[in-house]
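Novice: Spelled out from the first residue to the last, the chains are:
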Amino acid sequence: MKRTLPGFPLSFGFMMFYMSFIVFIPLIALVWYTMGSGWEAFWNAITDPRLFAALRLSFSASFIAAIINGVFGLLIAWVLVRYDFFGKRIMDGMIDLPFALPTAVAGIALTSLYAENGWIGSLLAPLGIQVAFTPIGVTIALTFIGLPFVVRMVEPVLRSLDQETEEAAGLLGASPFTIFNTVLLPLLTPAILAGMTLAFARALGEYGSVVFIAGNIPMQTEIVPLLIMNKLEQFDYAGATAIATVMLALSFLLLLGANILQWWLSRKLGQKVVDSSR
Amino acid sequence: MNTKTYKPLLIFIAFLFLTLFLLLPLLIIFIGAFSQGFEVFWYSITEPAARHAIFLTLLVVVVTVPLHTLFGLSAAWALTKYRFRGRQLLITLIEIPFAVSPVIAGLVFIILYGVNGFLGEWLHANNLQIIFAVPGIILATMFVTLPFIARELIPLMEAQGSDAEEASLTLGAGGFRTFYHVTLPAIKWGLLYGVILCSARAIGEFGAVSVVSGRIRGATNTMPLHVEILYNEYQFAAAFSVALLMSLFAIFTIVIKQVVERKQQLG
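For the protein sequence lines, the chains are W and X, in the order given.
According to the working numbering, the first sequence is numbered sequentially starting from 24.
According to the working numbering, the second sequence is numbered sequentially starting from 3.
Treat the hints loosely; a few may be bogus.
Stated by the list, open to error - Sample of chain W residues with no beta-carbon within 10 angstroms of chain X, all distances over it, derived:
id, residue
1, G61
2, F75
3, A76
4, F86
5, L150
6, I240
7, Q257
8, R290
Said to hold, decoys possible - Think about it this way: if two alpha-carbon atoms lie no more than 16 angstroms apart in a straight line, the pair counts; the simulated EDC-like pairs of lysine to aspartate or glutamate are:
id, chain 1, residue 1, chain 2, residue 2
9, X, K190, X, E263
10, X, K259, W, E190
11, X, K9, W, D107
12, X, K6, W, E190
13, X, K190, X, E160
14, W, K111, X, E263
15, W, K291, W, D185
16, X, K6, W, E189
17, X, K6, W, D115
In case anyone wonders, no lab produced these hints; they're calculated from the structure.
All residues carry an ideal CB built from backbone N, CA and C; glycine is no exception.
Let's have the full structure, built from the sequences with the hints guiding it.
Specialist: Right, here's the structure in full:
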């Protein structure tokens, strides 16, 4: 006879109370406040040209960063799963650095590297390329913080694939590129997309690693979270909550998207793939 | 697939990319911290404002992490040992803080507890201050770090099932005894990693804390905020010195993760 384990009311009750107090009630308060501020305040805040400029920058920089991470994340996951080499464990550990390193620390380190007198910045300056305090700098910071998502999402999938199909295709004379495109890529695509979606979502909201390297020039290198910060400093709560509510809605859509991709992924592979990202 | 020919090239690209994006930033922190000698480094991490920032950061960790541990264990127990409708939804909801911008995580508490917020007047009348004070910093950190321990434990306990616990109960052990002697030993490594990762994030949280802190030096400055102020004052060596302390903890976190993964593979 199966016995029911004790402790459900206690553990469930504590979990719900805790999540409500820390996350749910504060988030509901934000939406509530936005609705209470009236339609006009909301409309004024979300039709501000400065917000459009910030949204354009946040979306394009996050998107490019997600693409870079998709390509290099796949390559790094491949190298980690399929090859043995000196320094593999160090490489594996390094991948987690963006999750573990405080964002402000990453921000000042990247800014020092890419500033005009920095190690990399001084190499690019003679070529006429300025990175720090431009959208390129924002993209680099967002690439840094999104790096682990694709790697950690693709790794377990790649490990779970048996190599028989690839070998069969090889015996039939297919070139490595054909095998990669026709056998591997279709199986890996959901994982790559899920990782890129998570990286993109994280990048949209990112603040600490970006503010130092962005330079924060209105209409040019101002990201959306910084705009919320500015509104708060001017005590424009209605404006701040309006932008925050829009961003919140976008984040939830992305989270939903990532979850659907993960569900598609686990169905496709016929097993539960646990992502080890973050 | 025969990819031996590409092996050196692919490994080289991977290392090049990681050097550019991860290794060089880490290296520059070390070099920056000691750029004006060891004495400046030592002074930067022991002067009163730095000491206070370190103290406040540790205080935040000491409050946040035990509470999140309790939450993580409760959530994992409730969500993996029983089957009920909405279970999967709750597992997803725990991850909400990951999808929310840190700035918004700070903003929500200003809306609730700030001067013009929902509870602002009541708090003021009772002489309680949360925003621009330590409780606000702790709340904002708790919001951002809430999922870390729970999301380590849930997949672990899900995979282990509840046969061992059922056996223990059948043999007459009580609920808490079963938890302590059966469940806890089985999840201890995952729990350890969750606790360390949660601590690392609590130490390093910047955006959310920055919104609610008010940045009062020697009062509401945590380590990341202290780094920001120093950097904006062009005190680069001092900024990198405090940054180095935090980076060392980040590296420690990664080492623990590798150890835990090895332990789990060995069973």
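Novice: Closest CB-CB distance from G61(W) to chain X, is it above 10 angstroms?
Specialist: G61(W) clear of chain X: closest Cβ-Cβ about 15 angstroms, beyond 10 angstroms.
Novice: Say whether it holds or is violated: L150(W) keeps its Cβ farther than 10 angstroms from all Cβ of chain X.
Specialist: holds, 16 angstroms
Novice: For the pair supplied as a hint, K190(X) and E263(X), confirm whether the alpha-carbon distance does not exceed 16 angstroms.
Specialist: Answer holds: K190(X) to E263(X) is near 12 angstroms, not above 16 angstroms.
Novice: Is Q257(W) truly not at the interface, in the sense that its beta carbon sits beyond 10 angstroms from all beta carbons of chain X?
Specialist: holds, 13 angstroms
Novice: Taking 16 angstroms as the top limit, are the C-alpha atoms of K6(X) and E190(W) close enough?
Specialist: Answer holds: K6(X) to E190(W) is near 13 angstroms, not above 16 angstroms.
Novice: Does E160(X) lie within 16 angstroms of K190(X) when you go C-alpha to C-alpha?
Specialist: holds, 15 angstroms
Novice: Can we confirm that no CB of chain X comes within 10 angstroms of the CB of F75(W)?
Specialist: For F75(W), whose nearest Cβ neighbour in chain X is about 18 angstroms away, the distance exceeds 10 angstroms, so it holds.
Novice: Would the non-interface assignment of F86(W) survive a Cβ cutoff of 10 angstroms against chain X?
Specialist: Given that every Cβ of chain X is farther than 10 angstroms from that of F86(W), nearest at about 17 angstroms, it holds.
Novice: Does K9(X) pair with D107(W) here, judged by a C-alpha cut-off of 16 angstroms?
Specialist: Holds, because 10 angstroms separates the two Cα atoms, which is no more than 16 angstroms.
Novice: A cut-off of 10 angstroms on Cβ-Cβ distance, and A76(W) was said to be off the interface with chain X. Does that hold?
Specialist: Holds: least Cβ distance 17 angstroms, greater than 10 angstroms.
Novice: Does K6(X) pair with E189(W) here, judged by a C-alpha cut-off of 16 angstroms?
Specialist: holds, 14 angstroms
Novice: Is K111(W) within 16 angstroms of E263(X), Cα to Cα?
Specialist: holds, 15 angstroms
Hint violations for this structure: numbers 10, 17, all remaining hints satisfied.
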